[in-house]
Each structure stands twice: as structure tokens, then as C-alpha cells.
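Got chain A sorted already, so can you dock chains B, C and D onto it with the hints?
Protein chains in written order, with UniProt numbering: chain A, 1 to 161; chain B, 1 to 161; chain C, 1 to 161; chain D, 1 to 161.
For the record, the hints were derived by calculation from the structure and aren't laboratory data.
Watch out, some of these pointers could steer you wrong.
A pair counts as met if it fits within one copy or between any two copies, since identical chains are not told apart.
Simulated crosslink set (DSS-like; lysine-lysine; CA at most 25 Å straight-line) [claimed, not checked]: (1) K152 to K138; (2) K138 to K19; (3) K113 to K152; (4) K69 to K19; (5) K14 to K119; (6) K119 to K19; (7) K14 to K152; (8) K69 to K138; (9) K138 to K113; (10) K119 to K152; (11) K152 to K19; (12) K119 to K138; (13) K152 to K69.
Number of protein chains: 4
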Amino acid sequence: MDAELRCNRLTCRKTLIDKAVVVSIVVLSLIDCANELFNASRLCPACETSLTEPDDVVVCSLHPTNDYKTSVLSGLSPSLIMEICSRALSFWQYQIHQENSFQHAVIRNLNDKQAQLQKQLDNVIREANGEIDLLGNKVTELERDLELERRKVHELQDASR
Amino acid sequence: MDAELRCNRLTCRKTLIDKAVVVSIVVLSLIDCANELFNASRLCPACETSLTEPDDVVVCSLHPTNDYKTSVLSGLSPSLIMEICSRALSFWQYQIHQENSFQHAVIRNLNDKQAQLQKQLDNVIREANGEIDLLGNKVTELERDLELERRKVHELQDASR
Amino acid sequence: MDAELRCNRLTCRKTLIDKAVVVSIVVLSLIDCANELFNASRLCPACETSLTEPDDVVVCSLHPTNDYKTSVLSGLSPSLIMEICSRALSFWQYQIHQENSFQHAVIRNLNDKQAQLQKQLDNVIREANGEIDLLGNKVTELERDLELERRKVHELQDASR
Amino acid sequence: MDAELRCNRLTCRKTLIDKAVVVSIVVLSLIDCANELFNASRLCPACETSLTEPDDVVVCSLHPTNDYKTSVLSGLSPSLIMEICSRALSFWQYQIHQENSFQHAVIRNLNDKQAQLQKQLDNVIREANGEIDLLGNKVTELERDLELERRKVHELQDASR
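Extracted from the complex, chain A is given alone in its bound form:
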């Protein structure tokens, strides 16, 4: 049931499978994206603050071992454990919130495109109908003219006979 997190780089957005790079509020797919973004700068890709503390950029295993799960917070007091737990849930919620905002942006974008397409369709139909009407009128006019000329030909043939 746990919703999967995606790489926060908009040009990537791959589902994070095994490991991830956590930078302040941003999560990135490992190597592929982190290396490209951090080659020299050590700036947060989201807010551009400089990342100087050792825990600012952390490689996080998404499937920690049982040993790690047992020992990582062992020795801490309940209030510290709950604080860390709350911070990690907030991070996860922020990611879910970002994902949700992204989905809503996609929906807005799709609705815009659809409205545009509908408008284009209406225009095409109106223009086509305009042109077809014009051509229809021309055909009617030409058929009338042709009928007149044919009548003239008949009259002239009758007169010459």
C-alpha cells in the first residue's frame, strides 16, 4: 500500500527502487540524477541553499536490513524517537504532496489541451463549413450559368436551322 516515491527531478521522475539520495526536502534517484546535479556545486536542487553539513546529503537505503532497523535509533529516548519519526513522516508527506501537486498539474495541463483541441475542432468545422458553403454556392452559380449557356446554344441552333 505504501505509495512509491519518485525522483524529484522533473526530467526523470523514475520510481525509487533501492537507494535514494536525500537532500534537505528533495529525494533523487541514485547516481543517474544526483551525480549530474551535484558534480561541483553542492547546492540544493530545490531551494539553491548551499549544503555544507555532513548530513545535508544522505544516501538512503529504501530497504534497510533488520540489523539496521533495530540499531539505527536504539539508545535514544522516546521523545527523540518520536521527533525523528515525525520528521521522516513529514518528509514522506511532503513527497506525497509534491506527487499530488504534480498529478494535479498534469490534469490541469490535460484539461487545457483538451479545451484547446475542442476549440481547434470547432474552428476546423466552422472553417470547413464556410469553405464548403462557398464552394456549394459557386457550384450552384456555375450550374445556373452552364444551364443559361446551354439554353443559348439550343436557341442559336434552333435559329440557324
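For chains B, C and D alone, coordinates are given in the frame of chain A:
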């Protein structure tokens, strides 16, 4: 940052503001929807199991008082507290997961509609072009016929003179 | 492993088994103690503030059903869940802290009693030794006096013969 | 309110202040005790299993930085966060439980010592009383004998006169 939950009834989907009715894995906006669905049956709207236990249907305040927040789990052991906490987080994740699935269904639906609209546009353009070509050909044909008749008229007039 | 909580009333201190009465920061064994303390007053037994809110005094089941565990916090956001969870852990920690303080008071009390007993033992030994010495001296003195008198008897008997 | 943890080595039992060494279910004060116990063996001081995994022995900071608190579990799913949180609470509860058992052992020990001391006091009083009675009897006997001899002296003096 907390994502808001929505009434799980598809015809409602209002954001839950103050109170909600929790039925097994389903959350419903109060009065508006719960009363309509539960007037006689007491069946879960999601899975149709019969709801017989007193805690099966619970009216939940989304903004509990400080007194309630302090006392609701007081006296329980840490392992029970964590179990209850995990169940409530799972419920919330399930809701987020449902919301996310709903968004994805909306996106799929919008993409289908857009493909349909694009196809309709292509059809309209093709059919209009076909009709315009037909009419264009007819105009060309009629103009040619008209020219021929006019020439005949000239020739007959020249001959009679 | 979960440490058991005890009724906070010092004259009771029974292990809480099934249900408990939670009053602000105090936990009480049901009926036995709560009824006696709350018959008229509705004052907190710990801090004497008046308990007026409905959630100020709560009967808490120490072994809630699965249905209750699932539904009690369902519908709440993760941050509310964590806040409630932290408050319940603080309550539990406060109880453990109280129990620990009680054990330390018992140990201090036992150490005081032992020091007193040791002092009493030392006093008894010193007084007994004093009395024994006194009596010993008296015996020595009496034996010397007796010896003198016996010698006098012998001398007088020898003189009279 | 957070109860402090103590070094689990019975000959140390110092309150853990800043850093601690966590070994499976055991927590140790840094350097002082860990180095002595682990110089060559890498066996758990509690259960003697061999500690081969990298996370089996962990140096844990009891006052982690905010950066660490934010990043240590970031990227993990709520269910993993709750699992880790529950494991850390269990560790803390185990420590509290151990501390509590230790306090109870201390109390049992003090009660035993007190009973022994009381018994010793009773014995001393009984033996002293026995000896005092004996000496008292001896004094009485000697005083009677002395009185008899003195009377003899008087009779002999009267007779010689």
C-alpha cells in the same frame, strides 16, 4: 502540508473539514453521505460486509481537542500505542492511495478523451477535405463545361453572322 | 516486556490489569480507588485542579479490541496521529518515572532503616558490653572480697583452735 | 521526564550522557566499558553471540543534531518508519525494564540484609541478655556466699571474744 482526505463516495468527493464517518477502510463526509448509505442496511459501502460491532462505524472529529489528544491513548503501553498509531497511518495511506488512484483514473480518462477528440478532429479534417476536394473537382468540371458551352455560343454566333 | 502500570494511589499501588481511570497525569485502578476519590469532588488527586471537561476523567481499557485499535485514530492526519502518540508515550513515561521515583524512595527508606538498625545494633552491643564489663568487674570484686572473707574465716578458725 | 539509561555493565552503571555503544540489546558507556569488553572477542556481553554484522555494534549519539534527526529516516515509507520507531521504543523499554529489575533486586537485597541485621540484633540481644543473666546470677551467688562468709567471720569473732 497534511493532504486533505475526501469523502470516499464517488458522487460526493468533498474535502472532509470537521467531522467524518469512518467505516472499516472507508471515510465519509458526515450526514450528507453517511445517513443516505446507512439508513437501514449497516453494510460497508466498500466491501458490503455487515457492520455489527460498535466500533465498526465511528464518527471521528478531524480536529480533536487537546484534552482528547492527551487522554485518548493514555494508560496504554508503548507497543499498543505504536500498533494503534500504525493502523491509523495505514488508514491514512490507504486514503492517499485511493486519492492517487482516482487522480490516475482521471488522467487516464482525460488522455482517452483527448485521443478521441484528436481522432474526431482528424476525421472532420479528412471528411471536410474530401468534400472540399469533391466540390473543387465539380467546380473545375463545371467551369470547363461552361467554357465549352461559351465557346459553342461564340462559334454559333460567328456562324450565324 | 511492557512494564505494567500501577494504581497511583499510594495506599493501593495494585498492578492495573484490565481497565483504568485516567485523570490528567494520574492513573487509578478502577472502582476500588476512583470511586472513593471522586465521590463528590471531581478534583485531580495529584494536583487538586478541578476536572470539568468531559475528557478530564476517562475510563481506559488496557486491552482494547482490534476494532477499537483500528478505528480510534482513523481519519486523522499523520501529524495529529504522531502528536497523540507522543502524548500517550509521555503519559506512559511519566508513570514509569513515577514508579522509578517510588522504587528509589523505597531504596532510600530501606537504606535509612538499615543505617538505623546498624546504629541500634552498635548501641545494643556497646550497652551490653558496658553492662557485661560492669557485671564482670563486680564479679571480680565480689570474688576478691569473698576470697578475703574466706581467708579471714580460715585465720579465725586457726586462731580459735 | 525521559528516564536516563545507564551503562548495562554491572560494575559501571553510570548514567549515559553523550554517546553510547549499542550492542544488540545492550547499551554501554563509551570507551570506558566498550573497549574493555570488545578488545578482541566481539561477543555480545549479554548473550555471548558473536557480533559479525556491521550494524551489530553501533556508536549512538544520545543528542543527535537537527540535521541528523531530519535525514536519518527520510525517504522511508511510513510502515518502515513505524517499524524502526517501534524497535527503538522496544529497546528503550527493555532498558527501563532492566533498570527496574535491577532496582527490584537492590530492594530484595536490602530487605534480605535488613532481615539478617534484625536477626543479628535479636541474637546479640539474646546472647547479651544470656550473658548478663549468667553474670547477674553469679553476682547474686557471690553476694550470697560473701554474706555467708561475713556472717561466719562475725560468728567466729563473737565466739573468740
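Now the hints, each set against the structure:
1. For the identical chains of this complex, K152 and K138 are neighbours both inside a copy (21 Å) and across copies (22 Å), given an alpha-carbon limit of 25 Å.
2. Taking CA atoms no more than 25 Å apart as the test, K138 paired with K19 passes in neither setting, with 70 Å inside one copy and 69 Å between copies.
3. With identical chains, the CA atoms of K113 and K152 are never at most 25 Å apart, being 57 Å at best within one copy and 57 Å at best between copies.
4. In the homo-oligomer, the alpha carbons of K69 and K19 lie at most 25 Å apart both inside one protomer (15 Å) and across protomers (19 Å), since each shortest distance falls under that limit.
5. With identical chains, the CA atoms of K14 and K119 are never at most 25 Å apart, being 34 Å at best within one copy and 30 Å at best between copies.
6. With identical chains, the CA atoms of K119 and K19 are never at most 25 Å apart, being 46 Å at best within one copy and 42 Å at best between copies.
7. Neither within a single protomer nor between protomers do K14 and K152 lie at most 25 Å apart by alpha-carbon distance, with minima of 78 Å and 76 Å respectively.
8. Proximity of K69 and K138 under a CA criterion of 25 Å is satisfied in neither setting, with 82 Å inside one chain copy and 80 Å between copies.
9. For a Cα distance limit of 25 Å, the shortest separation of K138 from K113 qualifies neither inside one copy, at 36 Å, nor across copies, at 37 Å.
10. Neither within a single protomer nor between protomers do K119 and K152 lie at most 25 Å apart by alpha-carbon distance, with minima of 48 Å and 49 Å respectively.
11. In this homomeric assembly, K152 and K19 never come within 25 Å of each other (Cα to Cα): the closest approach is 90 Å inside a single copy and 88 Å across copies.
12. Proximity of K119 to K138 under the C-alpha cut-off of 25 Å is found in neither arrangement, the shortest distances being 28 Å within a copy and 30 Å between copies.
13. In this assembly of identical chains, the alpha carbons of K152 and K69 never lie at most 25 Å apart, being 102 Å within a copy and 100 Å across copies at closest.
Consistency note: the structure conflicts with the earlier hints numbered 2, 3, 5, 6, 7, 8, 9, 10, 11, 12, 13.
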